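Asker: Work the whole structure out from these sequences, hints included.
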Amino acid sequence: MFHYTTIATLLALMFYFYTSVQVARARMLYGVKAPAISGHPDFERVFRVQANTLEWLPIFLPSLWLFAYYLSDAFAAAAGAVWIIGRILYMLGYAEAPEKRGLGFAVQMVATAFLWGGSVYGVVHQMLGA
Amino acid sequence: MFHYTTIATLLALMFYFYTSVQVARARMLYGVKAPAISGHPDFERVFRVQANTLEWLPIFLPSLWLFAYYLSDAFAAAAGAVWIIGRILYMLGYAEAPEKRGLGFAVQMVATAFLWGGSVYGVVHQMLGA
Amino acid sequence: MFHYTTIATLLALMFYFYTSVQVARARMLYGVKAPAISGHPDFERVFRVQANTLEWLPIFLPSLWLFAYYLSDAFAAAAGAVWIIGRILYMLGYAEAPEKRGLGFAVQMVATAFLWGGSVYGVVHQMLGA
Chain X
1 MFHYTTIATL
11 LALMFYFYTS
21 VQVARARMLY
31 GVKAPAISGH
41 PDFERVFRVQ
51 ANTLEWLPIF
61 LPSLWLFAYY
71 LSDAFAAAAG
81 AVWIIGRILY
91 MLGYAEAPEK
101 RGLGFAVQMV
111 ATAFLWGGSV
121 YGVVHQMLGA
Chain C
1 MFHYTTIATL
11 LALMFYFYTS
21 VQVARARMLY
31 GVKAPAISGH
41 PDFERVFRVQ
51 ANTLEWLPIF
61 LPSLWLFAYY
71 LSDAFAAAAG
81 AVWIIGRILY
91 MLGYAEAPEK
101 RGLGFAVQMV
111 ATAFLWGGSV
121 YGVVHQMLGA
Chain R
1 MFHYTTIATL
11 LALMFYFYTS
21 VQVARARMLY
31 GVKAPAISGH
41 PDFERVFRVQ
51 ANTLEWLPIF
61 LPSLWLFAYY
71 LSDAFAAAAG
81 AVWIIGRILY
91 MLGYAEAPEK
101 RGLGFAVQMV
111 ATAFLWGGSV
121 YGVVHQMLGA
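Chains as they are written, first to last, in the numbering used here: chain X, 1 to 130; chain C, 1 to 130; chain R, 1 to 130.
Don't read these hints as lab results, they were simulated from the structure.
Computed from a prediction, not measured in an experiment: that's the story for all the values here.
From the three backbone atoms N, C-alpha and C, an ideal C-beta is built for every residue, glycine too.
Warning: the hint list may mix true and false statements.
To be verified - Chain C side only, calculated, beta carbon under 10 Å to chain R, not exhaustive:
no., residue
1, Y16
2, A34
3, S38
4, L57
Answerer: In structure tokens, the structure reads:
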């Protein structure tokens, strides 16, 4: 039973969905019609927030669940919450200027590294113990 | 055992693979050479069909499996089948014009929302019951 | 227990992370400032290596784990290792020229097809046997 990890996952997906809604809004606001994905720097920053979140989901989600399985449901969920906070900071920073996306990026990267590293430790520990 | 959800997953991945084959074909057909991802609107629409399917897979697949785990393998798979149908409609519509991608998009979004919402209900229900 | 598949997954994610580090380096090297994702062909090839790896992760990872569950942890991990090797060849080839990305692409595609096809076989076999 990984209830807390499940909740962290569902919240992360909700946030990610929100970034894609922002892209749809930015398309209308800045007049960038599909299928174009460039043409206005304000649109492109909003687009990159979604794209970068998408780029990190395949590292984040598997690391989150392997950590939960090998080590702890609660700690996985806590790191998942930190990841979401980092992602929100990244979105808010990037909306102002590309230079301001660094803090949020670092926060979500540390959370992901913690989950990935913990999974490595967990699987090696179990294999050596077996 | 989540056999039906497994089958829905494997079919969804096959469809997604098909959208990337279409991108390779469109590269040749419209003379858009890698690494470019723009240059001809017909190519860009085909490219965006794959990209948008990719963008939704990380919401769809985890929601599908959490729904299957917490509620029902068969209903998860049925919603997965609706998702694939929505994705096919989206592809066929977008191939004609950007304006015609709305119906398929709505169908796959409703299927995803059903899976996501069901997962939220399922995990909360189990936590309160335990 | 799917220890070998876990290790293959964590290594694949580490390689994928490496491709995104390369994008950050290429941004500085070729002066392509965020949020732009085009502007210099050398940058665009590095960007496409990450993007294409991302595009394949949602086919590769679910197929890998369904294969592990239905057939074999060790064979899944072995095919996962082949996938990573194909991805590395793809990266090295694409860094030189778009034409040289074919071999690595083929290797990772065969590994993915093996995992996907094995999963189809596995789930059908179990359903008919039950």
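Asker: For the hint on S38 (chain C), just tell me whether its beta-carbon gets within less than 10 Å of chain R.
Answerer: 7 Å, holds
Asker: So, L57 (chain C) near chain R? Judge it on the closest CB pair being under 10 Å.
Answerer: 4 Å, holds
Asker: Min Cβ distance, Y16 (chain C) to chain R: is it shorter than 10 Å?
Answerer: Check passed: Cβ of Y16 (chain C) comes within 7 Å of chain R, closer than 10 Å.
Asker: Using 10 Å as the Cβ threshold, decide whether A34 (chain C) counts as touching chain R.
Answerer: 4 Å, holds
In summary, the structure agrees with every hint in the numbered list given earlier.
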